[in-house]
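**Q** Sequence:
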Amino acid sequence: MTRWIKSLLLAVGLVAATVAQADIKEGTEYKLMAQPVPVQVPGKIEVIEFFWYGCPHCFHVEPYVEQWAAKLPSDVNFIRYHVVWQGRSDIEAHAKIFIALNQMGIAGKYQQAVFNAIQRDGVELRREDTLYDWVKKQGIDVNKFKAAYTSFSASAEVGKLGQLVDTYHIDGVPTFIVDGKFVTAPSMVGKEDGTVLTVIDQLIAKERAAKKPAAAAATGETKKKK
1 MTRWIKSLLL AVGLVAATVA QADIKEGTEY KLMAQPVPVQ VPGKIEVIEF
51 FWYGCPHCFH VEPYVEQWAA KLPSDVNFIR YHVVWQGRSD IEAHAKIFIA
101 LNQMGIAGKY QQAVFNAIQR DGVELRREDT LYDWVKKQGI DVNKFKAAYT
151 SFSASAEVGK LGQLVDTYHI DGVPTFIVDG KFVTAPSMVG KEDGTVLTVI
201 DQLIAKERAA KKPAAAAATG ETKKKK
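Per full-length UniProt numbering, the sequence shown runs over residues 1 to 226.
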């Protein structure tokens with residue numbers, strides 16, 4: 001009886017997974033980009049997360065994103081961008097933290113720590129004295145961080161982030177772009193948990209399946225030329 005129940009539960013799980021795959025609908029869990037954007041690394045499936053450290057919705061989703069990102073297959077290129085909206089100096093101050101950490105190559109390592117400081121602990125990281133004190137407490141080289149944070153290139157990066165927001169038409173966060181073609185967000189799936197990442201995984205699978213025939217055709221053409 002126990003073995004039969006286990007088999008039944010396994011079958012139910014497989015059916016549920018199939019249903020979940022079938023349930024994903026354009027216009028509901030995701031939508032198409034009006035104008036597709038080329039990926040940064042050809043041959044890889046790209047996933048971009050647009051976020052803001054000051055966004056509570058981003059804060060709720062981020063732990064799930066951290067777990068998901070740690071297990072990504074090698075054919076997926078995951079990129080994070082902090083949003084910058086014109087006229088929002090409060091957002092720009094947070095974006096500069098991301099830019100400085102990114103220039104130091106440690107943005108991913110301290111992603112959750114920055115969120116926790118702002119959203120959970122109420123630390124005002126938009127004040128430079130408070131920010132530098134917090135950076136020091138994290139064990140980050142303060143002088144290197146200051147140099148990156150106050151650099152001319154950091155100001156230029158703020159402008160680039162604003163351009164990316166315009167390119168991808170980001171009007172809310174968190175928002176995810178899959179392979180420059182698909183847009184999804186917790187606001188679309190109605191939950192601030194790992195549900196949106198399930199949708200992303202299905203879109204990745206969709207793109208992976210679409211790329212196989214193209215790759216096979218290209219290989220065939222190469223063999224013919226030889």
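Hints are not guaranteed to be accurate.
Stated by the list, open to error - Using 35 Å as the maximum straight-line C-alpha spacing, the simulated DSBU-like pairs for lysine-lysine come out as follows: (1) 25 with 109; (2) 25 with 206; (3) 160 with 31.
No wet-lab data here; the hints were simulated from the structure.
**Q** Are the hints correct? Go through all of them and say.
**A** Here is how each hint holds up against the structure:
1. Distance restraint check for residue 25 and residue 109: the Cα-Cα separation of roughly 34 Å lies within the 35 Å cut-off, and the hinted pair is therefore satisfied.
2. Taking the CA atoms of residue 25 and residue 206, the gap is about 12 Å. The hint holds against a cut of 35 Å.
3. As the CA atoms of residue 160 and residue 31 are separated by approximately 25 Å, the hinted pair is consistent with the 35 Å bound.
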